[in-house]
Amino acid sequence: MIRYALTRLALLLLGLLVASALIFLTLRVLPGDVAQLIAGLNATPEQIEAIRDRLGLDAPLVVQYLQWIGGILTGDLGSSQLTGTPVIDELLQKAEVTIPLGLMALTVALLIALPFGVLSAVRRGRRDGTALNVGAQTIAAVPVVWAGMMLVIVFAVWLGWLPAQGFPREGWDDPARAFRSLLLPAVTIGVIEGAMLMRFVRSATLQAVGQDYVRTAAAKGLTRTRALLQHGLPNVGLSIITVLGLQVAGILVGAVVIEQLFGLPGIGRMLVADVGNRDLPKVQGELLVLTGFVLVVGFVVDLLHRVIDPRQREAE
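Numbering (full-length UniProt numbering), first residue to last: 1 to 316.
Keep in mind the hints are simulated off the structure, nothing from the lab. Be a bit skeptical, because a hint or two may be false.
Stated by the list, open to error - In silico DMTMM-like pairs for lysine to aspartate or glutamate, Cα to Cα no more than 25 Å straight-line:
no.	residue 1	residue 2
1	Lys94	Asp173
2	Lys94	Glu170
3	Lys94	Asp76
To be verified - Distance ranges between label pairs, derived from CB positions:
no.	residue 1	residue 2	range
4	Leu11	Pro45	45 to 53 Å
5	Val300	Val154	50 to 58 Å
6	Val296	Val134	30 to 38 Å
7	Thr130	Leu57	58 to 66 Å
8	Val300	Thr74	19 to 27 Å
9	Ile241	Val142	21 to 29 Å
10	Pro45	Leu16	53 to 61 Å
11	Leu14	Leu57	23 to 31 Å
12	Ala249	Asp76	25 to 33 Å
13	Pro115	Arg306	25 to 33 Å
14	Pro45	Val296	26 to 34 Å
15	Thr130	Ala219	26 to 34 Å
16	Thr107	Pro45	53 to 61 Å
17	Val154	Gly263	15 to 23 Å
In this text, a Cβ means the ideal position worked out from N, Cα and C, and glycines have one as well.
Produce the entire structure from the sequences given, and follow the hints as far as they go.
In structure tokens, the structure reads:
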């Protein structure tokens with residue numbers, strides 16, 4: 001187990017290194033010049049060149065990349081070229097919105113996917129089971145922006161129950177207002193991700209129903225539902241843990257769009273603004289942190305699989 005964990009950790013670090021190189025090189029081909037942006041439209045070529053020299057933009061790409069990686073190894077993600085603010089400080093500030101939003105969306109997704117996924121599998125071939133399956137497929141195909149707009153119209157404009165946009169200036173000092181401002185965005189992401197996850201839960205549950213141990217339990221007198229709940233769902237849970245790792249990436253992508261739609265001051269909205277401003281140190285720092293987060297989730301999921309499922313340890 002320890003050898004497996006060390007191997008996965010080495011692959012995680014290698015993945016981060018490759019991701020950092022791809023992020024760095026990809027951003028360098030974006031059009032625009034941050035030095036021109038800082039200097040303004042009336043700046044002379046000498047003033048623009050001075051800014052480029054001050055920011056180190058004239059250095060070879062290899063030197064710039066090594067300087068960036070060296071800073072990361074010491075805990076420094078760099079500073080904004082426009083404001084001079086450390087990237088890590090802005091990420092921590094914006095994470096106060098994005099992380100609760102992601103956790104709330106994941107909670108909504110699980111509350112939808114687990115019970116309705118199992119129910120649609122148990123009720124397969126019946127009207128309610130078919131309706132749940134068709135409903136999940138329909139919702140999973142809905143664009144997240146359209147879903148968000150519909151929820152705003154219903155719950156913010158028509159009913160007036162929840163705010164349509166924004167986040168309290170005092171942040172989580174007023175937990176009730178902060179929670180209400182994140183509820184609609186979280187439900188928007190959670191419903192769509194939940195519908196996607198529900199289809200997987202249904203498929204995994206149907207596979208468990210056909211397994212020998214479930215049929216044997218049913219033959220001993222248990223109802224099919226009880227046999228599934230007692231003997232099939234633990235194995236379904238292993239598959240769900242794997243998919244949840246992928247769902248995290250989907251929720252992060254959804255958060256980028258939803259924060260724009262609902263005017264939330266989170267990491268996703270900051271990332272879009274920084275790409276527009278061509279603030280490269282901030283963008284590459286933000287992308288690397290988000291990529292690292294997804295890789296770490298995959299690392300934890302793999303370890304959980306090994307801990308929970310003895311068959312994988314025996315096969316090692």
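Hint check:
Restraint check for Lys94 and Asp173: satisfied, since their Cα atoms lie roughly 15 Å apart, inside the 25 Å limit. As the CA atoms of Lys94 and Glu170 are separated by approximately 13 Å, the hinted pair is consistent with the 25 Å bound. Restraint check for Lys94 and Asp76: the C-alpha separation of about 17 Å stays at or below 25 Å, so the hint holds. Range check, Leu11 to Pro45: Cβ separation about 47 Å, and the 45 to 53 Å hint holds.
For Val300 and Val154, the hinted distance range of 50 to 58 Å is not satisfied, since their beta carbons lie about 37 Å from each other. A C-beta distance of roughly 36 Å is found between Val296 and Val134, which places it inside the suggested range of 30 to 38 Å. Range check, Thr130 to Leu57: Cβ separation about 60 Å, and the 58 to 66 Å hint holds. For the pair Val300 and Thr74, the beta carbons lie near 25 Å from each other, so the given range of 19 to 27 Å is met.
A hinted range of 21 to 29 Å holds for the C-beta pair Ile241 and Val142, which are about 26 Å apart. Between Pro45 and Leu16 the CB atoms are about 39 Å apart, so this pair departs from the stated range of 53 to 61 Å. Separated by about 29 Å at the C-beta atoms, Leu14 and Leu57 satisfy the suggested range of 23 to 31 Å. Remark: the range hint 25 to 33 Å for Ala249 to Asp76 is upheld by a beta-carbon distance near 26 Å.
The supplied range of 25 to 33 Å is met by Pro115 and Arg306, whose beta-carbon atoms lie about 28 Å from each other. Judged by the Cβ atoms, the range 26 to 34 Å given for Pro45 and Val296 is violated: they are separated by roughly 45 Å. Our hint of 26 to 34 Å for Thr130 and Ala219 holds, since their Cβ atoms are close to 27 Å apart. A hinted range of 53 to 61 Å for the beta carbons of Thr107 and Pro45 is consistent with their spacing of about 55 Å.
The hinted range of 15 to 23 Å is satisfied by Val154 and Gly263, whose Cβ atoms lie roughly 18 Å apart.
Hint compliance for this structure: hints 5, 10 and 14 are broken, all remaining hints hold.
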